[in-house]
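Protein chains in written order, with my numbering: chain S, 1 to 101; chain U, 1 to 101.
Think of the hints as simulated: they come from the structure by calculation, not from any bench.
Some clues are possibly wrong.
[To be verified] In the DSSO-like style, the derived pairs of lysine-lysine whose C-alpha atoms are separated by at most 27 Å in a straight line are:
(1) K59(S) <-> K101(S)
(2) K71(U) <-> K84(S)
(3) K87(U) <-> K101(U)
(4) K101(S) <-> K71(U)
There are 2 protein chains.
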Amino acid sequence: MAYLVQVDFPHEGPFGDEMATAFTDLAKNIAQEKGFIWKLWTENEETKESGGIYLFDTKEDAENYMEKNRKNFDEFGIKGASMKLFKVNEQLSQITQGPLK
Amino acid sequence: MAYLVQVDFPHEGPFGDEMATAFTDLAKNIAQEKGFIWKLWTENEETKESGGIYLFDTKEDAENYMEKNRKNFDEFGIKGASMKLFKVNEQLSQITQGPLK
C-alpha cells in the first residue's frame, strides 16, 4: 500500500535550472527519508507556485515527513502551503501505468 | 519535458475496491488520452477527498486534458475541485527517483 503526499505553495522563484541548483542538497536529503519511494518536483513560473508529489511506503512514514515539512515551512517563513495525504488506489493506478515504486 | 496535472476534489465515496470497480472503464479511457504518460489515483476516506496525479508529454496535452476534465466535473456536478498544472523539474526529480516515464 503506497501513500502519496501532495504539496504546493506560493513560490517567487528560483525556477528551472536555478531551482535545481538551489535545492540539490535538499533533494539528496529527502531521498534518504524513512519509507521514501520517490518525489517529483513541481513548479509553475506563471502562477508562481512550486511543490512536490511524494510517494511513501506507509501512512506513518508519510505523516512523519509531513510533520517535518511543516516545521521547514515555518522555519523558512513559507505561508499558504497546501499539504494533503492520500492513499493510492493501486487497482486503478495499475490500469493507468501509475508508478508505485 | 514532462507536465504534471494535480487534481483533488471532495468525494463522499466509493473508496478502495468499490472505487476501483466504479472507475475501471474511466481508467481505461484515460490511459488512451493524447500525450498521456501515467496517472496515480488518490483517495482519502477520512477527509472525504479523491483525485489524481497525471503526467503528460507536453503542456498542450496537459491543458487539453484539464479542459476535458473540467467539463466532466461540471457534467457530474462535482464542485470544489482543485486542478493545477505544473512543469516537472527533471534535474531535482532525478535525484529523488521521480518517475518521468
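Each hint tested on the structure:
no., hint, in the structure
1, K59(S) <-> K101(S), "holds, 15 Å"
2, K71(U) <-> K84(S), "holds, 24 Å"
3, K87(U) <-> K101(U), "holds, 14 Å"
4, K101(S) <-> K71(U), "violated, 32 Å"
Checked against the numbered hints above, the structure violates only hint 4.
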